[in-house]
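In order, the protein sequences belong to chains A and B.
Numbering-wise, our numbering puts 642 at position 642 of the first sequence, and it's gapless, one number per residue.
Numbering-wise, our numbering puts 38 at position 38 of the second sequence, and it's gapless, one number per residue.
These aren't lab readings, by the way, just hints derived from the structure by calculation.
Please note that the accuracy of each hint is not assured.
[What the hints assert, rightly or not] Below are the DSSO-like pairs computed for lysine-lysine, each with C-alpha atoms no more than 27 Å apart in a straight line:
1) B:K75 / A:K548
2) A:K365 / A:K260
3) B:K75 / A:K17
4) A:K601 / B:K75
[Claimed, not checked] Cβ-Cβ distance ranges computed for the label pairs, FRET-style:
5) A:F162 / B:V27: 35 to 43 Å
6) B:K74 / A:A349: 47 to 55 Å
7) B:G16 / A:T546: 38 to 46 Å
Only a predicted model underlies this, so the values are computations on that prediction, with no experimental measurement involved.
Note that beta-carbon positions come from the ideal geometry of N, C-alpha and C, so glycine has one too.
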Amino acid sequence: MSTSISANRAFFNQLKKYYLFYTGGFIAFVIVIAILEQMGLSRKWIGYLFLFATIALYAGIGIMSRTADVAEYYVAGRRVPALFNGMATGADWMSAASFIGLAGTLYLSGFDGLGFVIGWTGGYVLVALLLAPYLRKFGQFTIPDFLGARYGGNAARTIGVFAAILCSFTYVVAQIYGVGLITSRLTGVEFGIGVYLGLGGILVCSFLGGMRAVTWTQVAQYIILIIAYLIPVVWLSIQITGNPIPQIAYGKVLQQVTAKEKALTNDPAEIAVRNIYKKNAADAKARVDGLPGTFESERAATAARLEELRANKAPEAQLKTAEKAIADYPVTADAARVTWSGQVASNTARSNPPLPHATPFPTTKTGEAGEAERNTKRLNFLALTFCMMFGTAALPHILMRYYTTPSVQTARDSVFWSLFFIFLLYFTAPALAVLVKYDVYHSVVGSSFANLPRWVAAWAAVDPTLLSLRDINGDGIVQLAELTLGGDIIVLATPEIAGLPYVISGLIAAGGLAAALSTADGLLLTIANALSHDVYYKMINPHASTQKRVAISKGLLLLVALFAAWVTSLKPGNILFLVGAAFSMAASAFFPALVMGIFWKRANRWGAVTGMIAGLGTCLYYMSRTYPQFIDWFGTTKMPLWWGISPISAGVFGLPIGLAVLVIVSLATRAPSREIQEFVEHVRYPNLTGDTVRTVAT
Amino acid sequence: MELTEGQESYWRRNLGITAALLAIWFVVTYVMAFFAVPLAEINFFGWPLSFYMAAQGSLIIYVIIIWYYARKMKKLDAEYGVAEGEEA
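Construct the entire structure; sequences and hints are all you get.
So, in structure tokens, the structure goes:
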């Protein structure tokens with residue numbers, strides 16, 4: 001035993017040396033590019049250098065860690081030290097949605113967005129207390145493995161495989177989407193090509209070395225992504241507050257933002273712009289209400305407007321707009337209803353005063369209606385944190401990581417390191433959102449259109465969905481209500497807002513890419529392992545040789561990756577929703593069966609099987625009948641929301657129902673056998689004297 | 001096999017620690033969020049208390065909970081002789 005401990009220690013020290021050297025090398029690389037930029041290297045080349053250098057780096061680690069050994073391939077040889085498993089879990093965990101999307105969500109939704117911050121960190125308390133040490137003691141390869149062993153037979157395992165694939169696939173599509181987006185932005189290639197380029201980066205690593213390669217790459221990716229995230233925020237904090245620790249400094253900034261919000265709410269020019277939106281919304285509403293009659297009359301009016309402009313020899317730009325209005329005119333009355341209703345909604349939204357950033361569950365309504373809206377928002381906040389937390393404690397690609405540590409105690413330590421490394425980013429994001437908001441309120445609002453801050457002009461030209469600005473009231477001055485920001489710009493533009501050179505923008509993109517690639521790696525591996533290990537080896541061909549198992553897994557990985565890339569190229573909707581949906585599904589399907597499997601000996605096969613089906617079924621049913629895009633896909637009819645809970649939080653219904661069914665059915669059927677109960681005892685103790693159960697896998 | 005009294009007691013203490021830490025987790029997360037509107041009136045070093053808790057405070061407490069659990073369980077394992085590597 002002592003020899004293996006000292007071997008672990010030596011391994012740890014060696015790793016520490018490697019990664020310190022690597023971090024130094026990476027910083028040197030960034031400095032070299034910064035010098036080259038000063039010497040005139042173009043932005044396009046900076047983008048290429050970051051993209052290819054980092055992907056080549058990941059590929060290099062993948063090639064060095066290539067393996068055909070089963071334990072190495074599935075669980076990295078079970079010798080990943082707690083600290084490094086923590087970093088790998090951090091990268092595995094933090095996706096494009098965390099890295100790029102989170103600060104933007106916080107900027108746009110203020111307090112209410114913090115539900116994601118709490119949910120995506122607090123879930124680790126559940127992982128640490130209820131799952132990680134016990135799963136490590138069990139010590140097999142996949143999460144369905146645990147269900148199979150605990151509940152016996154193939155039924156629980158099969159449902160586990162189905163649920164694992166469903167939530168991991170939903171999640172991986174969102175990641176590959178992020179990869180495509182970043183790659184295309186970084187290098188200017190088309191989105192579709194970006195997707196396949198990124199896919200190459202994902203595959204070269206997981207394909208060659210499975211969990212082993214993915215683990216060591218994820219550690220490298222964590223280091224890049226955290227450096228990339230922190231540098232611009234620290235710099236921005238120094239610029240705005242003079243304090244290099246944004247998490248401490250932004251309290252004062254938040255007060256200034258709140259004061260400015262009040263001033264902007266009552267500013268006459270702001271009110272004038274908001275009134276224009278209000279009028280537009282009312283006009284659109286009148287058109288909707290007048291359908292089908294307004295469909296023809298409005299078309300005639302649109303055509304008449306163009307004629308009038310032509311007759312008056314109006315400027316080219318105005319003519320173009322009027323021509324476009326005719327070309328884009330809805331084809332049918334039904335299409336017109338959709339378009340115009342959209343205009344009502346967007347104009348109404350823009351006619352609202354600025355959202356009070358620090359206020360929980362804000363509402364613009366007063367009296368009883370305001371109280372009702374506040375309560376619905378609070379309920380949704382609680383439901384969202386619930387789903388994100390329990391989803392965290394049920395997502396197979398995260399739980400799987402705790403199989404890779406050398407012991408139960410290192411698994412416990414490793415959850416601590418995981419959350420610590422995740423925490424570094426998550427507790428910075430709220431500060432970043434507030435600092436950027438301060439800058440927008442103070443240096444963009446009130447500036448003249450002729451002399452905009454440089455980053456505003458640049459981004460407005462690049463992508464109007466990220467930033468658009470129009471002088472609605474024609475006074476030549478920017479009003480807040482005239483500015484529309486897309487959430488993603490907050491992180492992407494931070495280096496420019498802070499006045500940093502373009503090399504830092506390249507670094508940010510490399511960080512976002514690392515976040516998306518590392519998560520995609522972990523997810524693809526989960527799917528391929530569920531298929532190769534649980535379906536092929538455990539159910540179809542238990543006599544398969546180890547080489548054959550690893551070979552099958554690699555083949556499946558390739559197929560799944562290609563399929564996921566193809567689905568992604570169809571652009572299936574909103575990233576944040578897909579990610580949230582994966583959490584809700586995982587929470588509903590896995591959490592009750594896993595936790596009760598450890599803490600309640602009486603839970604049996606029938607309880608688990610029916611509970612998982614009921615939980616996942618409820619969750620899917622709710623989403624398929626309330627989320628607009630799913631309603632289209634599955635051809636269901638829309639139903640009213642239950643208690644106003646939004647579709648992303650469907651797990652708030654799925655999990656309790658799944659749990660209740662598990663308990664009731666278990667109690668109504670026979671208690672599990674003596675062997676199963678001994679298995680539960682085996683899992684509960686890091687080392688049980690007199691234990692006869694052996695679960696150590698080969 | 002039958003569990004010894006010591007083993008039974010180890011599990012009970014583990015459940016006690018787990019339940020106590022989950023109670024803290026619950027208060028920090030859900031009670032704080034539920035009463036976010038009144039708590040926003042309290043000023044905490046410049047932040048409204050509910051905003052600070054949701055953005056930073058609760059995260060710090062989560063990290064501490066997990067750190068404490070790992071440390072406490074290590075001691076408990078040793079005390080009850082269930083730590084890894086104790087049996088040949």
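Within 38 to 46 Å or not, the Cβ separation of G16 (chain B) and T546 (chain A)? 43 Å Cβ-Cβ, so the 38 to 46 Å window holds.
Is K365 (chain A) close enough to K260 (chain A), meaning Cα to Cα at most 27 Å? Roughly 21 Å between the alpha carbons, so the hint for K365 (chain A) and K260 (chain A) holds.
Do the Cβ positions of K74 (chain B) and A349 (chain A) conform to the proposed distance bound of 47 to 55 Å? 53 Å, holds
Given the range 35 to 43 Å, decide if the beta-carbon distance of F162 (chain A) to V27 (chain B) lies inside it. The hinted range 35 to 43 Å holds for F162 (chain A) and V27 (chain B), with Cβ atoms some 36 Å apart.
Satisfaction of hint between K17 (chain A) and K75 (chain B), Cα-Cα up to 27 Å: 30 Å, violated
Proposed proximity, K75 (chain B) with K601 (chain A) (alpha carbon, max 27 Å): At roughly 26 Å apart (the allowed maximum being 27 Å), K75 (chain B) and K601 (chain A) satisfy the hint.
Restraint check for K75 (chain B) with K548 (chain A), where alpha carbons must lie at most 27 Å apart: Given pair K75 (chain B), K548 (chain A) is violated - Cα atoms ~43 Å apart, limit 27 Å.
The structure fails to meet hints 1 and 3 from the earlier list, while all remaining hints are met.
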